[in-house]
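J.: Reassemble the complex: the two chains are provided individually, in unrelated frames, and hints are given to aid placement.
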Amino acid sequence: MFELLKRKSSDDRLGEDFETEAMPFAPDLFRIAMYLKRNKDAAEDLVQETMMQALKSFHRYKMGTNCKAWLTTIMYNTHYKQLRKQTNLQLVADTEEKIAQTIPFEAPIPQQITDEDVLSALEEVPEIFREIVVLCDVEGFSYKEISSIMDVPIGTVMSRLHRGRKVLRGQLSVYARNYGIDGEETKKYNEVKKGGNSK
Amino acid sequence: MNCRDFREIIDSYLSDELLTETNHSVLRHLEECGNCRGEIEARREIRGRLKAAVMSAPHYQLDEQFASNLRMMLTRSVRRSNAKTSSWISRRSWVAVAAGLLVVFAIGFFVVNRVSVGRNQVASVTPSISSLQRNDLVNIALGDHEHCAIRHDLKDPTFSLEKASAKYKDLDKIVVPSLGRILSKYQFVMAHGCTYEDTHFAHVVLKGEGKTLSVLIADLKDFGDMKGEDILKFTSTKPKYHVAKFNTKTHAIFVISDMDENKNFEALKALSVPLKKHLDGSDQFQTALLSFY
Numbered sequence: 001m002f003e004l005l006k007r008k009s010s011d012d013r014l015g016e017d018f019e020t021e022a023m024p025f026a027p028d029l030f031r032i033a034m035y036l037k038r039n040k041d042a043a044e045d046l047v048q049e050t051m052m053q054a055l056k057s058f059h060r061y062k063m064g065t066n067c068k069a070w071l072t073t074i075m076y077n078t079h080y081k082q083l084r085k086q087t088n089l090q091l092v093a094d095t096e097e098k099i100a101q102t103i104p105f106e107a108p109i110p111q112q113i114t115d116e117d118v119l120s121a122l123e124e125v126p127e128i129f130r131e132i133v134v135l136c137d138v139e140g141f142s143y144k145e146i147s148s149i150m151d152v153p154i155g156t157v158m159s160r161l162h163r164g165r166k167v168l169r170g171q172l173s174v175y176a177r178n179y180g181i182d183g184e185e186t187k188k189y190n191e192v193k194k195g196g197n198s199k
Numbered sequence: 001m002n003c004r005d006f007r008e009i010i011d012s013y014l015s016d017e018l019l020t021e022t023n024h025s026v027l028r029h030l031e032e033c034g035n036c037r038g039e040i041e042a043r044r045e046i047r048g049r050l051k052a053a054v055m056s057a058p059h060y061q062l063d064e065q066f067a068s069n070l071r072m073m074l075t076r077s078v079r080r081s082n083a084k085t086s087s088w089i090s091r092r093s094w095v096a097v098a099a100g101l102l103v104v105f106a107i108g109f110f111v112v113n114r115v116s117v118g119r120n121q122v123a124s125v126t127p128s129i130s131s132l133q134r135n136d137l138v139n140i141a142l143g144d145h146e147h148c149a150i151r152h153d154l155k156d157p158t159f160s161l162e163k164a165s166a167k168y169k170d171l172d173k174i175v176v177p178s179l180g181r182i183l184s185k186y187q188f189v190m191a192h193g194c195t196y197e198d199t200h201f202a203h204v205v206l207k208g209e210g211k212t213l214s215v216l217i218a219d220l221k222d223f224g225d226m227k228g229e230d231i232l233k234f235t236s237t238k239p240k241y242h243v244a245k246f247n248t249k250t251h252a253i254f255v256i257s258d259m260d261e262n263k264n265f266e267a268l269k270a271l272s273v274p275l276k277k278h279l280d281g282s283d284q285f286q287t288a289l290l291s292f293y
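Here the protein sequences line up with chains E and U, keeping their order. So for the first sequence, the numbering used here puts the first residue at 1; every next one is plus one. So for the second sequence, the numbering used here puts the first residue at 1; every next one is plus one.
In isolation and in its complexed conformation, chain U is listed as follows (with noise of 0.2 Å):
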């Protein structure tokens, strides 16, 4: 081999793309000339610089937010097809039904096992990021604000709050006047009750300063797994909304905004202690707040 091959499928030789005996003739010319292993020191550092160079720029690294709402929505897509599963269980437990008694009783009482179980069987799906199913709540929730309050185009009709459940009504009178505090050139828009992706919201929404809030509350009867008084802050990239959330012992409550995101922390905790009080008939809320702080 001489320097004008060795200069050819030097390149080749570094991706160990070569077959065994030319990588041993590459070798045996390595051996006997020194400008061919120079040639080969300096491209082999290229690869390094430029593997190191694109590494570590900044513009090339993965958003932690952006990563972290794809495992969401990879999540939730995880989810709607367990719930097709689901179904699918229960057709071939009607089949089971007429096959025997014995069958049925099985098969039903794995059934109404799975039924029971609802939304907590996600948690089974991804047991690495069970953190996920408070932040799958939370989704439902900002894509409620995103089509409800913003684009005014969600798929089922709105209702008011008092047929939304007995809890809610009057909602309004305590969310409006509490934000009304911190929140004074805003205004209130309308108050109802909606559904997103088959969960049902408590809505209330206020608009001042050109930006839009909104106050969800949902029924964590079928979340669960998600009690527990968590207080939470997420910031969602498209569109760019903050949202901070807290659990009372049976209710989920979010503010969404596009305020900025002390802004709106302030006013889930201007709500925090009076809607604790309504839903639960308890102000036990406010020292977990003050605690996180």
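Chain E extracted, bound-state conformation (with noise of 0.2 Å):
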């Protein structure tokens, strides 16, 4: 009788600690997967798919961890099986290599610099660049968190992270140029990719 009553109770539990301890995180997760989507519907139903895996394996949730962590875990596998099922992953080194070799000098970000030029700089930035970017340095995951959500080396995410920087810089460098801000950074920075475009 007790053991039946403790599984009823444990049940109820259950769905009470995923609507305290998960649902609060769906506004993030919805961010995160539109980083990875691209696409509102898309993005919308990654984050479904997640939800309902979170809740299926939430007995798993360890209580006291970073749970925003654990979701996205979980929304990065569902993300990584529907791009195995839609398409064959393509290597990335190669693009991680010529990105590499055109990274620009840092520069310094004016305050004429508006928000849609912030967004429109971090769109330039490729995309194995920006997703960590953007999940270190705007949802605030460490470096150790990131390397277990993408399953991927730390070294793999520092090396990153510090060329997605660059490459963020450089472009936020490009808008500065455009308020006819040319600072000293921004011309070097110029110089680089004029170099670059007549090689």
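Hint data in this document are derived by calculation from the structure and do not stem from the laboratory. Please read all numbers here as calculations on a predicted model, not as lab measurements. Some hints here could point you the wrong way.
Computed from the model, here is a short list of chain E residues facing chain U with C-beta under 8 Å [what the hints assert, rightly or not]:
#1 Gly15
#2 Phe30
#3 Met34
#4 Lys37
#5 Glu44
#6 Met52
#7 Leu55
#8 Asp115
#9 Leu119
#10 Leu122
#11 Ser142
Glycine residues also receive a C-beta, built at the ideal position from the N, C-alpha and C atoms.
T.: In structure tokens:
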């Protein structure tokens, strides 16, 4: 009798815990899904599938640990599974190397640059770098958490972050130039870009 | 540490990912070097601006309607899981019967209680979103509209209104003329009893102007906690339907369509008094509907 009662109460608690622990992260998950899918409908589908998976596996979640990181890991696994179904994943190593050769110099961010400019600059960052920059600098995940979420070595996380941030700064300097702010760093960036293009 | 080394690890410093010793070296270098202090401020600012831009961008905001639908779906999922638990308890109780008369009484009492509670049990699963209890039936009605009136792919066969319930007999003769006054271009398509997600509905379908309208009626005896003459409006996103709902004392009535929201609600209003009278034998509902406006 006691065991039966206990079972019911455990199921009930699971639902309640999921509501309080996981549901508040739905807006964060949607934002991350948008980075991954670039499309509202696809992002909503991904959030929905992630939440369903999370609910099924919620008994495995350890209370008190980072629930957002746990949910994001499930989201990435689901996303990768969907990608595998759609198409064979392309190797990114070549792209990564090519981009690494054209990394611009650092440039400061001028005040005149708007939020729209920042978002546009982010869009210009190649996807493999952008998602890590966003996970770290926007979503606040640690390198270790990102490594676990994306299932890549921590060294890869660090190098992609380094490159992604550099590209972002470079892109921001292009926006700065459009505002007529042509500082020393921006000039350097432009020179490098010109040199890269002439090759 | 020189400036070159510093620039390499500056972002890790800002992410609080450095070892304590390295952190100390960074701080010592920052005390000495004005250029690097400027650089670290610039990078900190980029992060702040990036985070603020993403967080406030409208297209990165979760749609409220989607969030609400997601909650409904998850609640239903928890409910199904509990239903499984319930059948598990049933099986266990028979084992207990064999064990002894005392245990039979104890477990029998427990099982009877659980069965009699039925769907009401769900309320205890997610008390913090208890309003979804109502929405849950809305979701089932939406599914019935989609699969019965639109896709025609219901798993279970339909049956006559009379077979569904004596109260539903000739329901179409009330619904169709009542709607005819405001939806003159709509034509009656079908009326029957149908089942979706183990819930029985009386279902009347009309079509016109390229749109489909369902009137769905469910007996509230299995949804005791949903009683109360509440009037609600919902919109589903995928696919987009407008839902208007009210309860009589004994039944939930839904109007679901791809018409615009106001027209859909007008249809509900047109049905409210005659259906209330037919199902409950009263016209008290009119007062509640008027107060809703």
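J.: Next step is simple, just say for each hint if it's right about the structure.
T.: Hint by hint, here is what the structure shows:
no.	hint	verdict
1	Gly15	holds (4 Å)
2	Phe30	holds (4 Å)
3	Met34	holds (5 Å)
4	Lys37	violated (12 Å)
5	Glu44	holds (5 Å)
6	Met52	holds (7 Å)
7	Leu55	holds (6 Å)
8	Asp115	holds (4 Å)
9	Leu119	holds (5 Å)
10	Leu122	holds (7 Å)
11	Ser142	holds (7 Å)
The earlier numbered hint that this structure contradicts is number 4, and it is the only one.
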